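Top to bottom, those sequences are chains F and D.
For the first sequence, position 309 matches number 309 in the working numbering, and the numbering has no gaps at all.
For the second sequence, position 217 matches number 583 in the working numbering, and the numbering has no gaps at all.
By construction, these hints were calculated from the structure, which means they are not laboratory data.
Be aware that one or more of the hints could be misleading.
Restraint ranges, calculated between C-beta atoms of paired labels, are given here [to be verified]:
hint, chain 1, residue 1, chain 2, residue 2, range
1, F, Asn82, D, Asn416, 49 to 55 Å
2, D, Ala377, F, Ala135, 58 to 64 Å
3, F, Gly136, D, Leu581, 16 to 22 Å
4, F, His119, D, Leu510, 28 to 34 Å
5, F, Gly136, D, Val429, 51 to 57 Å
6, D, Leu506, F, Gly136, 21 to 27 Å
7, F, Val81, D, Asp487, 27 to 33 Å
Chain D side only, calculated, beta carbon under 7 Å to chain F, not exhaustive [stated by the list, open to error]:
hint, residue
8, Ala485
9, Pro488
10, Gly489
11, Leu490
12, Gly492
13, Ala493
14, Thr496
15, Leu497
16, Ser500
17, Pro511
18, Gly530
On a predicted model such as this, the values are computed, not experimentally measured, just so you know.
C-beta atoms are modelled at their ideal positions from N, C-alpha and C, and glycine is treated no differently.
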Amino acid sequence: MAVAPYGAQGGTLMLRICVQKNQGQFGLDVDINAPAGVTAIFGRSGSGKTTLVNAIAGLSRPDTGKIVVGETVLFDSAARVNLPPPLRRVGYVFQDARLFPHMSVRRNLTYGGDHDAAHVIDILGLEPLLDRRPAGLSGGERQRVALGRALMCDPQILLMDEPLAALDASRKAEILPYFERLRDETRVPIIYVSHDVSEVARLATTLVVLDEGKVAISGPVGQVLSSPDVVPLLGTRTAGAVIVTRVAGRLLDDDLTELQFSGGRLLMPGQLGEMGQLLRIRIPAQDVILAREAPTGMSALNVLPVTITEIRPGRGPGVAVGLRAGDDQLLARVTRRSAGRMELAVGQQIYAIIKATAVGPEDIGG
Amino acid sequence: MTQLLGPSEWAAIMLSLRVAVVAVICALPLAIGVAYLLARKRFFGRQLLNGIVHLPLVLPPVVTGYLLLVTFGKQGPIGSFLEQVFGISLGFRWTGAALAAAVMAFPLMVRAIRLGIEAVDPGLEGAAATLGASRTRVFLTVTLPLILPSILAGAVLGFAKALGEFGATITFVAAIPGQTQTIPSAIYGLLQVPGSEPAVVGLVTVAIILAMGALLISEWLSHRMARRVGR
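The whole structure should be built from the sequences, with the hints applied where relevant.
Below, the structure is given as C-alpha cells:
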C-alpha cells in the first residue's frame, strides 16, 4: 500500500538564501533553496544556524550574497539592497521567546499587528493567557505567545530558532502539537532551526544540515535522514530514517498499533493516532538489525524485506547501510565486522529487524 | 520652624528648588541621549565623550565654576552669543545657577541611566524590529519603558546633587540673595554672621527633609515601576 507524499515537497520556491559571511573563526557560506513547508536547519552549535536566520531577519548583515523570499528581495549585495528588519515581514520566534516584560500577553501579541488575531489565538490556545504578564508564564506558554506574536504581523516567512531548546521534555510534548497544527494550517513557509533530530523528524518537510558554516547535505527530510552520508554529521546515536505510515489496525489485546507503509507493516506499542491517520515515525539506525535470511524464533515483531542501496564505512568501527523498503528508505548501522562477515553488498535482498519499542513516543507525530 | 526661617531664608529655599527642578528637567533628555550613545553605540571619540561627561565629577567644583564663567559669562564665547541672539543672560542670574547645577548633576544622571540601558536585553529591541517597529518606536515602546526606573533614579540623584551644589555655583554666579543664593550658599553666608545659628538650623533641617523626601518618593515610584515592567 503506497502512502501519499507527506506535506508539500518540491513545491514552489519560497526562499532562496545564498550568503557569505566571515566572522572570526568560521565563515558562513551557504546556498539554500527552501520550498514551501517546514525547512529544518540542523547542525551542531557553532555551525552557523543562528547567523543564518539572523541574516534572513536582517539582524546581522552578510558580507555578500542574496536573500529572496517569494518575490521580495530582502538582501542583495550586488544591487546594494538591504531591507531593514521592520520592512522584511519576517516572523521570528527566538529561543528565549523575548516577550516584552512590561506588556500584557495581549499587548505583546498585537505589537506587530493583529492579522488573523482570532484564529491565531484559537490555534495556539492563547485565550486564557491574554491578560497575564510574561513573567508569570511557563516556558511553553511563552513560546506559544512568541509564536502568536510573530504570526499576527502577517509574515511572509516564519523563522524559529530552537524554540523548544530551553524546554524540558514534557513542555516540548505539550507545545509540539501546536506547531504541527500551525504547519498544517498556515501557508507561511517556516525555517526551523534545531539540533534535536526527533523534533526535525516530526516537523520538517525539508532538511538542511549545516556543518562549520557550509551545507553538508540537504533535501526532503526522509531522504536526508535515511542517507548513509548523514551518519557522521548527526552522530551515530541520532541518525535514523523517517517514514510516513498509515494507521491500519489495532491489536487491542496486545496493546499494539499496526502501521502500514510502502515497505510493509510495522507493529508499534500503544494505541497511536486514529484509524487511517498518517503518522511519521523515526527509526534510529542503531535500532535496525540486519539478517541474510528471514529470522525465526525471535522476539522482535517487525521484520521487513529490504534491498541494500548503499554501504558507507564511517570513521569508527561502524558501517552505515542504506536500505530500500518499498518506496521508502531506511538506514541501519552495523559494525564493519558484521558487514564483512555477512558479505553485505549493494543490491542484495536481506531482512531488516526493527524492535517494536525502538520508536519512542516523542518520535511519533501526526 | 517658621520662626527660624526669615524671608531671605525662604527665598533661598524656593530658589534652590527652582534651580534644581529646572536643572534636572533640562539635563534629563540630554543625559538619556548620551547614556544611550555610551551604552549602545561604538563610535570614534566615545572614550573622549565619556571623559568629558565625567569631568565635573572629578574636577574641583571651583574649576568647573571658573570654566563656566569664562565660556558662559557675559564676556565668554557662548555667553555673549546667547545674550546677543536669544537675549538669555546666565552670569549672576538664577539661570546660571541652574546651568551650574545641571553640569554638576549630569555625570551622575548619565551613569544611573546608562546602567539601566545596559541591563535591557538588546534582543528585545531586535525582536521589536522584526515585528515591524521603526527605531523610534522601538525606543519609545520598548527601551524607554524598561529604563524608566533608572531614569527616575538618575533624576533623583541629579536633583539631590543640584540642591547641594555649592562650589561651581558660587564661583560662576556668586551668592546674590534672591538671585543666586541657594540653600548651601545661604548656610555658608549665615555661618559668617554671629548669632544666626537658628536660621542655619532651619535651613539645615529643610535640606535634610528635601533630600529624604526625594529619596522616599523615588524608592516608592521605582518599586511601582519595577512591578509594572515585570521584574
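Verification of the supplied hints:
1. Asn82/F with Asn416/D: 49 to 55 Å: 31 Å, violated
2. Ala377/D with Ala135/F: 58 to 64 Å: 49 Å, violated
3. Gly136/F with Leu581/D: 16 to 22 Å: Cβ of glycine 136/F to Cβ of leucine 581/D: about 31 Å, so the range 16 to 22 Å is violated.
4. His119/F with Leu510/D: 28 to 34 Å: 32 Å, holds
5. Gly136/F with Val429/D: 51 to 57 Å: Holds: the Cβ-Cβ distance is about 52 Å, inside 51 to 57 Å.
6. Leu506/D with Gly136/F: 21 to 27 Å: Distance hint for leucine 506/D, glycine 136/F holds at roughly 25 Å.
7. Val81/F with Asp487/D: 27 to 33 Å: 29 Å, holds
8. Ala485: 12 Å, violated
9. Pro488: Where the cut-off is 7 Å and the nearest Cβ of chain F is about 10 Å from proline 488/D, the hint is violated.
10. Gly489: 5 Å, holds
11. Leu490: 6 Å, holds
12. Gly492: 5 Å, holds
13. Ala493: Nearest chain F Cβ about 4 Å off; hint holds.
14. Thr496: This interface hint holds because 4 Å falls under the 7 Å limit.
15. Leu497: Status holds, d = 3 Å.
16. Ser500: 6 Å, holds
17. Pro511: At 5 Å from the nearest chain F Cβ, proline 511/D passes the 7 Å test, so the hint holds.
18. Gly530: Not OK, violated: glycine 530/D not within 7 Å of chain F, min 33 Å.
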